[in-house]
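Colleague: Same order as they appear, the protein sequences are chains A and B.
For the first sequence, position 144 matches number 144 in the numbering used here, and the numbering has no gaps at all.
For the second sequence, position 82 matches number 82 in the numbering used here, and the numbering has no gaps at all.
In case anyone wonders, no lab produced these hints; they're calculated from the structure.
Only a predicted model underlies this, so the values are computations on that prediction, with no experimental measurement involved.
Where hints are given, some of them may not hold.
A pair holds if it fits inside one copy or across any two, identical chains being indistinguishable in the list.
[What the hints assert, rightly or not] 25 Å max Cα-Cα, derived SDA-like pairs, lysine to any residue:
#1 LYS92 - ASP5
#2 LYS48 - VAL20
#3 LYS92 - PRO143
#4 LYS48 - GLU65
#5 LYS147 - LEU130
#6 LYS92 - GLY19
#7 LYS26 - PRO101
#8 LYS48 - VAL121
#9 LYS92 - TRP17
Protein chains: 2
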Amino acid sequence: MAADDPLFRPATADFRWHGVEVLAYKQDGAAPFRDITRQVLFHDPELKCELRYFEMAAGGYSTLERHQHMHGVTIYRGQGSCLLGTQVLAVKTGDLVTIPPWTWHQFKADLDQPMGFLCMVNVDRDRPVLPSDAEMAELRRNPAIAKFLES
Amino acid sequence: MAADDPLFRPATADFRWHGVEVLAYKQDGAAPFRDITRQVLFHDPELKCELRYFEMAAGGYSTLERHQHMHGVTIYRGQGSCLLGTQVLAVKTGDLVTIPPWTWHQFKADLDQPMGFLCMVNVDRDRPVLPSDAEMAELRRNPAIAKFLES
Chain A
1 MAADDPLFRP
11 ATADFRWHGV
21 EVLAYKQDGA
31 APFRDITRQV
41 LFHDPELKCE
51 LRYFEMAAGG
61 YSTLERHQHM
71 HGVTIYRGQG
81 SCLLGTQVLA
91 VKTGDLVTIP
101 PWTWHQFKAD
111 LDQPMGFLCM
121 VNVDRDRPVL
131 PSDAEMAELR
141 RNPAIAKFLE
151 S
Chain B
1 MAADDPLFRP
11 ATADFRWHGV
21 EVLAYKQDGA
31 APFRDITRQV
41 LFHDPELKCE
51 LRYFEMAAGG
61 YSTLERHQHM
71 HGVTIYRGQG
81 SCLLGTQVLA
91 VKTGDLVTIP
101 PWTWHQFKAD
111 LDQPMGFLCM
121 VNVDRDRPVL
131 PSDAEMAELR
141 RNPAIAKFLE
151 S
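Chain A on its own, in the form it takes in the complex (with noise of 0.2 Å):
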């Protein structure tokens, strides 16, 4: 039961663990977002899928993108919104978003309190890519898109 146990890690205050990292969302900085970070909790050569954990400051965003891989999502802290592919979804505590391969998403918090999310993703897995002028174009076409990404 020792924070230095690495088959258990307890929860600290403000959603940390004892023994996690809290790292940068990305270590790209091409790509925008604003105010986020990620702790990995479960990641090993006997697992295929790592779990993550991002967390988003109010008013912070994860990077615009689509990629072959999937995610499963589920809302962990707080609420927000996400894009994900043409819907703009409300999210809070607990909902579960599943996003396809090659699908456009972001999540997004709300300007008034922190939004976390854990992801579980293939370790094997492509990078994400992001979109071009003509495609940013056609997302902001979308009204509830175009409120989004200015919000």
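Chain B: place on chain A using the hints.
Modeller: What follows is chain B alone, placed relative to chain A:
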């Protein structure tokens, strides 16, 4: 955002989800367990792991078992205790428990409240093995484990 959207499954009250069925813990009635349900949150041909939510009523417990495959467990609701190899851990919401290959494990809710946990596991995996009488006797030789087993 409808309840029948398979990509967005909102949480409802009391740790249930729209579009997620509450299942029997196991199909095999030969393994001992008490007052525990199973909900499969993510299972998809594109994902190499599943994420399941298991919930025990107050005083309920999972099967004492072991297997080759690993579990990545996140306590999601309540508190209780957990046998992990030769340790008995007190666990609470948010805590992370890693169950390595061939490690005896069992979860028990406290007597006064339910406990639920998320469990990430490879889709392709072996079947659990129950302890033999000799293995149970060996486990009971550890006083902490004996106390846990009798609780």
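Colleague: Determine for every hint whether it applies to the structure shown.
Modeller: Hints, verified against the model:
| no. | hint | verdict |
| --- | --- | --- |
| 1 | LYS92 - ASP5 | between (32 Å within a copy, 16 Å between copies) |
| 2 | LYS48 - VAL20 | both (19 Å within a copy, 23 Å between copies) |
| 3 | LYS92 - PRO143 | within (22 Å within a copy, 43 Å between copies) |
| 4 | LYS48 - GLU65 | both (23 Å within a copy, 21 Å between copies) |
| 5 | LYS147 - LEU130 | within (19 Å within a copy, 55 Å between copies) |
| 6 | LYS92 - GLY19 | between (27 Å within a copy, 16 Å between copies) |
| 7 | LYS26 - PRO101 | within (20 Å within a copy, 31 Å between copies) |
| 8 | LYS48 - VAL121 | both (9 Å within a copy, 8 Å between copies) |
| 9 | LYS92 - TRP17 | both (22 Å within a copy, 12 Å between copies) |
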